[in-house]
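Listed below, chain by chain, are the residues.
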Amino acid sequence: QKEVEQNSGPLSVPEGAIASLNCTYSDRGSQSFFWYRQYSGKSPELIMFIYSNGDKEDGRFTAQLNKASQYVSLLIRDSQPSDSATYLCAVDKIKAAGNKLTFGGGTRVLVKP
Amino acid sequence: SAVISQKPSRDICQRGTSLTIQCQVDSQVTMMFWYRQQPGQSLTLIATANQGSEATYESGFVIDKFPISRPNLTFSTLTVSNMSPEDSSIYLCSVDTSSGAYNEQFFGPGTRLTVL
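For the record, the sequence lines run as chains A and B.
If you're matching positions, the first sequence starts at 1 in the working numbering and goes up one per residue.
If you're matching positions, the second sequence starts at 1001 in the working numbering and goes up one per residue.
Hints listed in this document are in silico derivations from the structure and should not be mistaken for laboratory results.
Just so we're clear, the structure is a prediction, and the values are computed from it rather than from any experiment.
Each statement offered as a hint is correct.
Here's a subset of chain B near chain A, in silico, CB distances under 8 Å, partners left out:
{"hint": "1", "residue": "1031"}
{"hint": "2", "residue": "1042"}
{"hint": "3", "residue": "1096"}
Simulated pairs of lysine to aspartate or glutamate, DMTMM-like, Cα-Cα distance not exceeding 20 Å:
{"hint": "4", "chain 1": "A", "residue 1": "93", "chain 2": "A", "residue 2": "5"}
{"hint": "5", "chain 1": "A", "residue 1": "112", "chain 2": "A", "residue 2": "15"}
{"hint": "6", "chain 1": "A", "residue 1": "100", "chain 2": "A", "residue 2": "27"}
{"hint": "7", "chain 1": "A", "residue 1": "100", "chain 2": "A", "residue 2": "45"}
{"hint": "8", "chain 1": "A", "residue 1": "100", "chain 2": "A", "residue 2": "5"}
{"hint": "9", "chain 1": "A", "residue 1": "100", "chain 2": "B", "residue 2": "1104"}
{"hint": "10", "chain 1": "A", "residue 1": "93", "chain 2": "B", "residue 2": "1058"}
{"hint": "11", "chain 1": "B", "residue 1": "1007", "chain 2": "A", "residue 2": "45"}
{"hint": "12", "chain 1": "A", "residue 1": "93", "chain 2": "B", "residue 2": "1104"}
{"hint": "13", "chain 1": "B", "residue 1": "1007", "chain 2": "B", "residue 2": "1026"}
{"hint": "14", "chain 1": "A", "residue 1": "67", "chain 2": "A", "residue 2": "27"}
{"hint": "15", "chain 1": "A", "residue 1": "42", "chain 2": "A", "residue 2": "83"}
{"hint": "16", "chain 1": "A", "residue 1": "2", "chain 2": "B", "residue 2": "1058"}
{"hint": "17", "chain 1": "A", "residue 1": "56", "chain 2": "A", "residue 2": "45"}
{"hint": "18", "chain 1": "A", "residue 1": "112", "chain 2": "A", "residue 2": "83"}
{"hint": "19", "chain 1": "B", "residue 1": "1065", "chain 2": "B", "residue 2": "1054"}
{"hint": "20", "chain 1": "B", "residue 1": "1065", "chain 2": "B", "residue 2": "1087"}
{"hint": "21", "chain 1": "A", "residue 1": "42", "chain 2": "B", "residue 2": "1011"}
{"hint": "22", "chain 1": "A", "residue 1": "67", "chain 2": "A", "residue 2": "55"}
{"hint": "23", "chain 1": "A", "residue 1": "100", "chain 2": "B", "residue 2": "1054"}
{"hint": "24", "chain 1": "A", "residue 1": "42", "chain 2": "B", "residue 2": "1104"}
{"hint": "25", "chain 1": "A", "residue 1": "42", "chain 2": "B", "residue 2": "1087"}
{"hint": "26", "chain 1": "A", "residue 1": "56", "chain 2": "B", "residue 2": "1104"}
{"hint": "27", "chain 1": "A", "residue 1": "93", "chain 2": "A", "residue 2": "3"}
{"hint": "28", "chain 1": "A", "residue 1": "100", "chain 2": "B", "residue 2": "1058"}
In this text, a Cβ means the ideal position worked out from N, Cα and C, and glycines have one as well.
Bound conformation, chain A alone (with noise of 0.2 Å):
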């Protein structure tokens, strides 16, 4: 089993239309959850990051976790052609625990207009 697992995708989604982007982990002792988001050529951008149970919301992103279940999710509300790319979902343990971000392997956004 992986350590953290997205679906590849692609997903595809409407402009104006919620993206649902999902990942699961399998280490209970995570305890920080991050969404890069990596366009084509470029290296990843930290759009969101969570750390309690529940949804955090920053402009059209919403990162929901829960750590019962290890699930985290990303919402992109309005989706625009420009949030078409590759979500990475990464997890880590509190600094005290060590330094160790561990990626899934990324889900593929198409946003079509």
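Starting from the known structure of chain A, fit chain B onto it as the hints suggest.
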């Protein structure tokens, strides 16, 4: 966040040679990291580079193949030694800029390496 630069941005190298990649940050950071992203794949951590100590390598990566230097709090280098075509990847450095209990890593632009 921080402004991170990498040199070179890309290179084409011959088998058996070595390439040193530089990572420069515009502020002092404790933790710097080196990742590899092979074509069509996600990111894999190579090693963690702390100033004043030897780098900590992940399983599958060894110092002889990927020597790392961290001479100060704003700079690090990764050398890819005795290259083979399997080393063709994007190499990324990242830094943790957070001062809280949780890490927040930001990535440099990457170095695209092709080995012939």
